[in-house]
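J.: Sequence:
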Amino acid sequence: MGNEYDDDKVTIHSLATSSPTTSSTPTSAPADAASEVQAGAPLDPLGAANAALRESWEAENRASGLRLVAAHTVMAQCVIDPVCADAADEPRPGYGVVDPELMAATHLVRMLSISSTRARLMISFAADLHFRYPALLESMLAGLMEQKVARALALQMSNVDESVLDEVQKRVVEDYLDRLAAGERPNINDAKAHADRIIIDMDRDAVRLRKDDAARARGVRINKGQDGMTTVNATLRSDEAAVLAEALDEQVELDREAENAARDTARAEAESSGGPEPDSTDDEGYTEAQRRADALMSKVCGGLGPSHGGEPEPGPGGDTDGSPSGGSGGNGGGAGGNTTGGGLSLRPRITVITNPTGGNVPDGSHLSEAGVEFPRSGEAAIESLLAMLKLADNTVIESVDPTIGAADSDEESLRYRPGAALARRIRLRDGTCRHPGCAVPAEACDLDHVVPFNHDDPAAGGLTVEWNLAAQCRSHHRFKTFAGWDYRMEPDGTLVLTTPDGETMYTRPTGPLARYRLARERAEAGAWDGYRDYDPAPHDTSGKGLPGELRADAVTERHRRVARAARRARRQSHGAATWAQPFTTCIAHHGTAESTTHGTTEYQRQYDELNAKRRPHSAQQGDEPPV
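For the sequence shown, the residue numbers in the numbering used here are 77 to 703.
Hints may contain errors.
To be verified - In silico DSS-like links for lysine-lysine, alpha-carbon gap of 30 Å or less:
(1) 375 - 300
(2) 300 - 224
(3) 268 - 375
(4) 246 - 300
(5) 224 - 268
(6) 224 - 287
(7) 300 - 466
(8) 246 - 268
(9) 268 - 287
(10) 246 - 224
The hints are simulated quantities; they were obtained by calculation from the structure and are not laboratory data.
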């Protein structure tokens, strides 16, 4: 790193020093405590625990800074990579230029096991720290500032003019560290407020411009969750949020008054008839947050929202995919048909994944993991689907055969574009973009030929069949086409990627069709294990003693399972060896320290050109893309 990350304008103070302005050299309270322990000085258990806390906190901050330095170095090398560089002296006819950020993000996904979205945010933040906010990076590397605080302060300074930025960040960092050293523990909002006071003092327009940028971040995002729940995030102007909060609170009060009136009526009827008094504790577990959720559904859907006593119902136009064991699933939504009180209508199309011949699944309990899923919002209970169907009209039910290659045809295999049935099948299998770390829904992806389609002679290779198609978002589709990485698809849908250095990683399909196949495979494996004890000669390939259809294919299926397990073991063993290598090996092939310096210089030139147009920090912090 050398002098690239040094900043002699910034004074770093240790929280352990009694006077925060006496030294610019970081010191460590935990290190001092540790030396006392080694010298035999008494230290109570609580003090030792506190020292360990502080030491681990500083180590974590330094590690975060080093990760960002490494991410920046990877990005700088990708900028000058021949695949990414638009060099006139090295033309590549027929090839496009790969986005260097996409290339760098893929390296980060491989080495850090993070999502593509998080990798891109990490690269962007690392660039900001190196090119705009070196004082924040120095504080992290000294172990005195958390990454969360550094990101918040960088966002506060995102619109500060370059002419005063060095002085502003110096004062912001010194103010924050001085307050920590004095014993103050400011929260994030307080730290940002103090930073704004400094910014306004030196560049009043910066805060106004930042607020204008924030207004453009308005939006609603739906992220799949677990256990039948989904997160809806709304970023609104404060006045809009105030109106929404007022409307929800008003609806909550109306609902509460209606419940009380109904309870009073029931009580009066019970008294007049001499019957038992109705239970008045029905809403004890009905929280204010749940009431607001029901009020939101009522406002948006006009009556589709559930009552608090029932199972949550899906929103309008929900899509489901399912299996016979967990109930039907479906994919659809539409217009026309039955209309609710809010003017909404539902006409779902239900997709049931099932073997049309009935298959050989001895024990249906093995398929309990398969169920109902709404692709835009995630899994749900069968009761949710049934509740939606009560409000729907003209429901269409389609069946999908889970057998691999069931939708392939000799005629369509020679066409470049897959037919509707095959395309639907690939998206049901993959669930998301198949590039490692990417979570773009398969419905928003291209269908890419793993082995490229041969337009001159389609029969020569690259057929349009299930085993050769994978969902790829547009960015990663281009990456696969031009980056020079090797892609290979296994029959079960596992996609294996090999880098130019020979390192491999792989992804498995996560869609409902893939999960159904996995559940069926487990059911068949359980059946084989059960009948193996029953078979007097388990190694007899004739299959004597095995009843029914299992006798004909048990050995073949077992061999397939063993082969798949062996392939997975080889991949995992190779992946573990790759994981154990130093991080620097992923960029070692790019050259010497001279090429690293050249990469950093070229990266800074591109950064400076785009800085006026790019948003330094994305408003989206989650791993999931907007829906």
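J.: Each hint should be assessed against the structure and marked as holding or not.
T.: Checked hints:
1. In summary, the hint linking residue 375 to residue 300 is supported, as the alpha carbons are separated by about 22 Å, within the 30 Å threshold.
2. Distance check on the hinted pair: residue 300 and residue 224 sit about 25 Å apart at the alpha-carbon level, within 30 Å; holds.
3. Taking the CA atoms of residue 268 and residue 375, the gap is near 35 Å; set against the 30 Å cutoff, the hint is violated.
4. Proposed proximity of residue 246 and residue 300 is contradicted: the alpha carbons are some 41 Å apart, above 30 Å.
5. A distance of roughly 12 Å separates the Cα atoms of residue 224 and residue 268; the hinted pair therefore holds under the 30 Å criterion.
6. Restraint check for residue 224 and residue 287: the C-alpha separation of about 20 Å stays at or below 30 Å, so the hint holds.
7. For the proposed pair residue 300 and residue 466, the alpha carbon gap of about 24 Å is at most 30 Å, so the pair holds.
8. Distance check on the hinted pair: residue 246 and residue 268 sit about 15 Å apart at the alpha-carbon level, within 30 Å; holds.
9. Simply put, residue 268 and residue 287 have alpha-carbon atoms about 14 Å apart, close enough for the 30 Å limit, and the pair holds.
10. As the CA atoms of residue 246 and residue 224 are separated by approximately 18 Å, the hinted pair is consistent with the 30 Å bound.
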